[in-house]
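Peer 1: Sequence:
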Amino acid sequence: MTHDPYVADAARYATMPYARSGRSGLRLPRISLGLWQNFGGHHSLDNQRAILLAAFDMGITHIDLANNYGPPPGSAEENFGGFLARDLKPYRDELIISTKAGYSMWPGPYGDWGSRKYLLSSLDASLTRMGLDYVDVFYHHRPDPETPIEESMMALDQAVRSGKALYAGISNYGPAETEEAARILKELGTPLLIHQFKYSMYERTAEDGLLDALDAVGAGSIVFSPLAQGMLTDRYLAGIPEGSRITHSQFLHENQLTDTYLERTRALNEIAAGRGQSLAQLALQWVLRGGRVTSALVGASSVAQLAANVAALDFPDLTDEELAAIEPHAVHGTHYA
1 MTHDPYVADA ARYATMPYAR SGRSGLRLPR ISLGLWQNFG GHHSLDNQRA ILLAAFDMGI
61 THIDLANNYG PPPGSAEENF GGFLARDLKP YRDELIISTK AGYSMWPGPY GDWGSRKYLL
121 SSLDASLTRM GLDYVDVFYH HRPDPETPIE ESMMALDQAV RSGKALYAGI SNYGPAETEE
181 AARILKELGT PLLIHQFKYS MYERTAEDGL LDALDAVGAG SIVFSPLAQG MLTDRYLAGI
241 PEGSRITHSQ FLHENQLTDT YLERTRALNE IAAGRGQSLA QLALQWVLRG GRVTSALVGA
301 SSVAQLAANV AALDFPDLTD EELAAIEPHA VHGTHYA
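In my numbering, the protein residues as written are 1 to 337.
For the record, the hints were derived by calculation from the structure and aren't laboratory data. Here the structure is a predicted model, which means the values were calculated and not measured. Please note that the accuracy of each hint is not assured.
Said to hold, decoys possible - Only pairs whose alpha carbons sit at most 27 Å apart, straight line, appear in this in silico DSS-like list of lysine-lysine:
#1 K186 x K117
#2 K117 x K164
#3 K198 x K186
#4 K164 x K89
#5 K164 x K186
As the list claims (entries may be wrong) - Simulated restraints, written as ranges between beta carbons of each label pair:
#6 D212 x S302: 36 to 46 Å
#7 E270 x P71: 33 to 43 Å
#8 L237 x P107: 34 to 44 Å
#9 G41 x K89: 17 to 27 Å
#10 D320 x H3: 42 to 52 Å
#11 D320 x E263: 23 to 33 Å
Heads up, the beta-carbon is just placed ideally off N, CA and C, and yes, glycines get one too.
Kindly produce the complete structure, drawing on both the sequences and the hints.
Peer 2: As structure tokens, then:
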């Protein structure tokens with residue numbers, strides 16, 4: 001894979017809005033790029049590179065990874081490390097690079113969950129795969145019911161104090177767990193920067209106390225799956241396109257395309273069309289409404305898809321009347337069979 005040397009667009013900061021993460025000094029782009037899917041060892045490196053560089057040219061400074069992203073696990077970090085070394089190294093100080101640990105990564109009792117042993121070993125391995133001295137944000141990916149939360153938070157604190165991470169984050173924690181994690185980190189002297197959780201028109205668990213908890217502790221928020229794995233798009237309204245994600249994903253199944261799902265999604269699509277935008281753009285605006293969410297993570301299989309998602313930020317804010325029209329159709333659990 002050979003390319004001309006990459007030079008970033010001089011106007012990359014002209015249009016992307018940024019929001020402060022909680023009470024910290026760090027600002028994140030309102031749209032961030034997640035490498036959960038489409039960036040593993042089985043995907044075109046040329047396409048991955050094109051998406052990453054286009055993202056940076058659009059002002060997307062935040063790239064989100066985890067130790068197990070692939071497949072195979074670790075390959076997304078390895079691929080990203082290659083692009084960083086070849087193309088983005090001169091811009092390292094303009095990038096926010098995050099990774100996580102908390103799901104199964106290697107065999108045995110020390111390759112999963114939330115022990116200090118696992119978290120810090122995983123961080124070292126992630127840094128090696130990416131060729132980095134530090135990441136900007138290191139997350140515990142999920143709470144561990146068999147490890148004291150103090151131990152997991154002490155590992156995050158140690159990661160920051162060692163200089164291997166600049167900030168500490170958590171992901172998939174409930175409201176009470178979030179408040180406890182924030183309390184412990186504050187006492188240790190490493191404030192909780194951010195919480196990453198699933199949130200969309202069809203996944204609204206975060207509204208049951210989590211957003212309030214984040215406001216209370218002063219942490220930022222970044223949401224994944226704001227498009228419900230593609231089910232908050234117009235992709236499945238006229239059937240299942242050949243090769244679409246639902247035909248091969250372990251997270252989506254054809255039996256999720258129920259009559260109720262289709263009815264609600266078509267209604268939302270009509271609201272989006274009335275605003276002159278796509279349903280995906282409406283869904284992104286919805287999760288970012290009101291400023292309670294710092295940033296929305298999007299994946300992308302092409303530069304065009306990424307550009308369309310970022311264009312959601314160009315539309316006027318949703319009005320109270322539009323939000324009221326959306327509400328009857330934005331029902332939690334709609335995309336679950």
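Peer 1: Of the numbered hints stated previously, which ones are contradicted by the structure, given in increasing order?
Peer 2: none
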